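Asker: Got chain A; can you put chain B with the ligands on it based on the hints?
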Amino acid sequence: MPEQASPPPLSAPAPRPIFEARGLTKVYQMGEVRVEALRGVDLDLYAGELVVLLGPSGSGKSTLLNILGGLDTPTSGTVRYAEHDLTVDDDAAMTQYRREHVGFVFQFYNLIPSLTARENVALVTEISQNPMTPEEALALVGLAPRMDHFPSQMSGGEQQRVAIARAVAKRPQVLLCDEPTGALDAQTGVMVLEVIARVNRELGTTTVVITHNAVIAAMADRVVHFGDGQVVRIERNASRKAASELSW
Amino acid sequence: MRAIDRKLWRDLWHMRGQAVAIALVVMCGVGTYVMFLSTLGALRATQDDYYREYRFAEVFATLKRAPESLRARIAAIPGIERVETRVVEPVRLDMPDFPEPVSARMVSLADDAPHGLNGLHLRAGRLPLPGRADEVVVSTPFAKAHTLHPGDRFHAILNGRRQALTVVGTALSPEFVQQLRPGSAFPDPKRYGVMWMGRKALGQAYDLDGAFNDLALSLRPGADAQDVIDRVDALITPFGGLGAYARKDQLSHRFLTQELDQLGTLATLFPTMFMGVAAFLLNVVISRLVTMQREQVATLKAFGYGNGAVIAHYLKLVAMIAGSGVLGGTALGVWLGYALSGIYMEFYYFPWLRFSLQTQTVLEAAGASFAAAGAGTVVAVWRAASLSPAQAMRPEPPPRYRETLVEKLGIKRWLSQPTRMILRHIWRKPLKSALTVLGIALACGIILTGLFQRDTVGYMMNVHYGMAQREDLSVAFTEPTAYRARFDLAGLPGIEHVEAFRSVPVRLRHGHLDYRTTIRGIEPHGDLQRLLDTELRPVAMPSDGILMTDHLGKILDVRAGDRIVVEVLEGNRPLREAVVAGLVKEYLGVAAYMDLAALNRFMHEGPTISGAWLAVDHAQLQGLYARLKGLPRVAGVAERVQEIRNFNRLMDETMLFFTYVSTVFAVIIAFGVIYNSARIALTERGRELASLRVLGFTRGEIGYILLGELGILTLVAIPLGLKLGEAMCYYIAQTMQTDLFRVPVVLVPQTYAFAVAVVLISALLSGLAVRRRLDRLDLIAVLKTPE
Ligand SMILES: Nc1ncnc2c1ncn2[C@@H]1O[C@H](COP(=O)(O)OP(=O)(O)OP(=O)(O)O)[C@@H](O)[C@H]1O
Ligand SMILES: [Mg+2]
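Those protein sequences? They're chains A and B, same order as listed.
All letters in the first sequence, in the order written, are residues 1 to 248 by our numbering.
All letters in the second sequence, in the order written, are residues 1001 to 1787 by our numbering.
What the hints contain is simulated information worked out from the structure, not anything from laboratory work.
Computed from a predicted model, the values in this text were never measured in an experiment.
Careful, some of the hints might be misleading.
[To be verified] Cβ-Cβ distance ranges computed for the label pairs, FRET-style: (1) Gly-227/A / Arg-1002/B: 37 to 45 Å; (2) Arg-1002/B / Asp-91/A: 20 to 28 Å; (3) Glu-136/A / Ala-1371/B: 39 to 47 Å; (4) Glu-135/A / Ala-1309/B: 21 to 29 Å; (5) Gly-182/A / Ala-1371/B: 39 to 47 Å; (6) Glu-135/A / Ser-1356/B: 51 to 59 Å; (7) Thr-1291/B / Tyr-28/A: 18 to 26 Å; (8) Gln-153/A / Pro-1749/B: 52 to 60 Å.
For glycine and all other residues, C-beta sits at the position ideal for the given N, C-alpha and C.
Pulled out of the complex, with its shape left as it was, chain A reads as follows (with noise of 0.2 Å):
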């Protein structure tokens, strides 16, 4: 197993990454209680590789993947990701790269309660420079069909496959998605890792996606071990596997 992170697979001479994180630390204040999310993490992630994000809860996933998505800004260390340093606290600067670059899928699906699918898709189109047109970004995933139903008339794997649709509908540069199956069945969930895995392949995205599943990891590019605030080891899946192939 490689300790270090190793270029993307498909490209010979070792590029740039496209994310740079060094030495991240957050902490959250509540009181009394001070809770240390991240202790100090490094990590690299590569233009198109998709990576999955394994480990315990509460072991700081989300926050790692809140500060890379431009959610939330580090205690101290550094990001970047491209040219942007993401460390910085300009909510305008932030609202920018989030608008531009990255696209997200929750666990919970997070979709406008009182829009359809359509328009939740198109809640994102219209605020970005190259969209897809949310017909298409629904297709993409199936769901043409259900384009004017409204969340609360559509099963939990559809409302995440909704949120798929609104996450790459803008082609983002970066697909995060935290824990896009936790709230699905097996079957369900294979589906949409299979959006999740073409989306990466076709529009080369950059994917990182957060599982407590250890199976799923067997999609990835490369796999990182998370533990107590830090990484604890990173592997490279020699062959990645369909989202098909997978059962749990």
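Answerer: For chain B with the ligands alone, coordinates are given in the frame of chain A:
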């Protein structure tokens, strides 16, 4: 439409009940503001135009008799633009359709200058032809009251001679926008009117041919009115001048001005209250909405919507609610404004009313609404938007509860679990609970303000006409008359009791303050006319010194024992000092009193009277009228019952309007506050309540937990609201202190009961509306969704 705007519409639809409740409150605020201000604007504009177009004079004076040659000397005073000499006389009328005595003020019209000062606005017919002593123009309200048309005839006693007069026209004049019989507080067009006759004819009737007894002047721009008045006084004093006065002291103008100022105060009081409530409601509703949507806010931000966009999103929502309130309120305000102006047009005689909605008024109202709405919202939205999205995505920590003070007092064991939940919930957000109480209390208070005028006026009338002024009829003589005239009156059949009085027109001075009024000399120990102290006990008339109405005391800034200067405006116009013996309580008018004999001594005259108050046998009233009309010296007769009736008729309409409007508004506020609180409680605690249902609580029990809180707040609010209402009534009463009448604050038990009932019913209805939702609480859905 953009997706984010769709969300807006759907959110709005989802919260439509609350949105409507808030929009209604905004509507009331804008409505009252537009109503008051557009009425005020309309009346002011009408007043201005009317005064200008009909050349309302700026300085007035009355005198006994001066030759026309004086005119040129007056005209030579610098600053005077125009001089009009007139003949003005009180006359008695004999109306064919009406047995009771009727009096009028007869004013001369310049025969040669049709565009003189105080021009007539003819409503029908024409002006009298020069020299025609039998032609008059009568004031429109008088004509209406007696259904007079050009060509109709009636008789008048001019200078003791009975004379037939033909109505050639009906008209209004800027000088008589309010037509009050001297000494009366309410218009009575059936018994008092104004009419106009050619100058020459009227002069001849009163032996004033080539002479005049009244002056109207207009000034050049920038002229110093006081300087003109002083110079005019110097010229007319030798001719029995009673002291010139500026427009601001002209009765019709003065009353109108005071009334409009009052209206201006009300125009700020009510809208301010409504806007306060609207701001509060928007704050709680939007805070709650944003809290509920904090994950949505986080999601929007995660996908690249900036803080500005998020805040704009919610502000748009608020703007739509406030905006519909503004639109509705403007329409409501115009509608109510028409109604209110209509009422004013009954009290004040304008030839037209230029009612128009001022853009500025609407903009101000809209500005205030949006500001209130924005203020109520921005903080809540800002708090949500400024959270980092990662933070906002996490569920809110469970609310912190504490034991309440009430529980700590040791009565905890008496309280059931549900009751403890209620108390802790109230306690958790003390500010919000307090504001809810305040909102409900305001509703309660507003009802009192709407009804108090009725109670108060009833009380005023009782005191004034029941305890102080208790005669059946009052008779005024054309001029001071020997005391024995009292016995002539007493001898008439049907008269049970007579009390004589002497009225002397004066200008009272204290330091730099002065006021024109009359001193009434009254018989001591009288029973028909009594003076009351502040406790409403009859005051014995001191044998020396002046008693005056407390309001006059305030105007002149005098207390018992102070010395004042009395400038008599009659006879040879002596200037004397007098001592203020004390102040008396009177709600109407601005009079001063002396013992009759003392006043005669003060005037250096023998026993003289100006009129008398009569108690009569009502069975013989008709015959008595006829005899009184026949008496040559009687200038006018006023009947007390009629005064009261007139007043009530006028008041009823006004009061009904205010009662109605304030009740509807109070219901809206009460409903807006209570319903919104209940709805918010329901969203905040839906899960909790559903869990309780799952645990086996009945609908009634969870209904109690949810609505019990509002019940308690309502019960706390009611006594507070009654106190608040009293305070508002005092404030309004304070603004209604005019020379015409002062308003005490009197509230009868029924009014309190009504206010309480309205609030309770509104609370009940809001409770029921929410209770219906509570019954349909979806247990599964509530428990399933992630918090
Ligand atoms: N906003 C916050 N305030 C306080 N503590 C926080 C906050 N966010 C995260 N934490 C704490 O930081 C630690 C890491 O949280 P994080 O959400 O990153 O864990 P995770 O690995 O994603 O866990 P899970 O698999 O359960 O989602 C936890 O102990 C959590 O309680
Ligand atoms: Mg997590």
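Asker: Which numbered conditions among the earlier hints are violated in the structure presented, ordered from lowest to highest?
Answerer: none
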